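Note that the protein sequences, when read in sequence, are chains A and B.
Residue numbering for the first sequence follows my numbering, starting at 2 and increasing by one per position.
Residue numbering for the second sequence follows my numbering, starting at 2 and increasing by one per position.
The set of hints was computed from the structure by calculation and includes no laboratory data.
A quick note: this is a predicted structure, and the numbers were derived from the prediction, not measured.
The beta carbon of each residue, even a glycine, is placed where N, CA and C say it ideally should be.
Be a bit skeptical, because a hint or two may be false.
[As the list claims (entries may be wrong)] Facing chain B, from chain A, some residues (calculated, C-beta under 8 Å):
id, residue
1, Arg16
2, Gly59
3, Glu103
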Amino acid sequence: DAGVTQSPTHLIKTRGQHVTLRCSPISGHKSVSWYQQVLGQGPQFIFQYYEKEERGRGNFPDRFSARQFPNYSSELNVNALLLGDSALYLCASSFLPSDTGELFFGEGSRLTVL
Amino acid sequence: QKEVEQDPGPLSVPEGAIVSLNCTYSNSAFQYFMWYRQYSRKGPELLMYTYSSGNKEDGRFTAQVDKSSKYISLFIRDSQPSDSATYLCAMNRGGATNKLIFGTGTLLAVQP
Numbered sequence: 002d003a004g005v006t007q008s009p010t011h012l013i014k015t016r017g018q019h020v021t022l023r024c025s026p027i028s029g030h031k032s033v034s035w036y037q038q039v040l041g042q043g044p045q046f047i048f049q050y051y052e053k054e055e056r057g058r059g060n061f062p063d064r065f066s067a068r069q070f071p072n073y074s075s076e077l078n079v080n081a082l083l084l085g086d087s088a089l090y091l092c093a094s095s096f097l098p099s100d101t102g103e104l105f106f107g108e109g110s111r112l113t114v115l
Numbered sequence: 002q003k004e005v006e007q008d009p010g011p012l013s014v015p016e017g018a019i020v021s022l023n024c025t026y027s028n029s030a031f032q033y034f035m036w037y038r039q040y041s042r043k044g045p046e047l048l049m050y051t052y053s054s055g056n057k058e059d060g061r062f063t064a065q066v067d068k069s070s071k072y073i074s075l076f077i078r079d080s081q082p083s084d085s086a087t088y089l090c091a092m093n094r095g096g097a098t099n100k101l102i103f104g105t106g107t108l109l110a111v112q113p
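Given the sequences, and given the hints that come with them, work out the whole structure.
Structure below.
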């Protein structure tokens, strides 16, 4: 079975631009979460979606937005990019929202902002 | 102060050694404690989770949680070169949310 797939795997943007990152969860998984991992740091929670509704939001500015589609895939959008947005963006899926951390992560989209 | 503190290492051990990885935390509301392994250029994968205080064993891996000290540990017995990775502790408050708070990760290298 395919795992969590993310696209694009790498991308380079300049300050002020916007970016859209995409995620396809494992088949049957209904919950998708997004994390930002800055080099040398642990992942930081951005959003969680379940059944197309936002279930949680981390401490990120309004420049960050996301949505989940009827097929449970998801998009993360970041507007007005800053140098500090350079990071690995991880998508994780689970069958249901979980307390036990049973998340399945994709390999991430590595964003570089110049 | 970060909610979760983890020594970034790097930690280098010979093959077969017992490895001890640790995290401390400040938020007493955390109920679920996890350890993830992240290989270079890959996403994290869940190794183990523990609810509240206690020990949990899975093969060569043992997780311990001491809520009174706000301290969690992961022990790896008979370490192998394939265990070389970054180990991330994570925790959450419960409430059916995927909002995990991660440590910075400890880079482990097991030398053959």
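How the hints compare with the structure:
1. Arg16: Interface hint status for A:Arg16: violated (25 Å vs cutoff 8 Å).
2. Gly59: With Cβ-Cβ at 7 Å, under 8 Å, it holds.
3. Glu103: Since the shortest Cβ distance to chain B is 6 Å, the answer is holds.
The structure fails hint 1 only (numbered hints given earlier).
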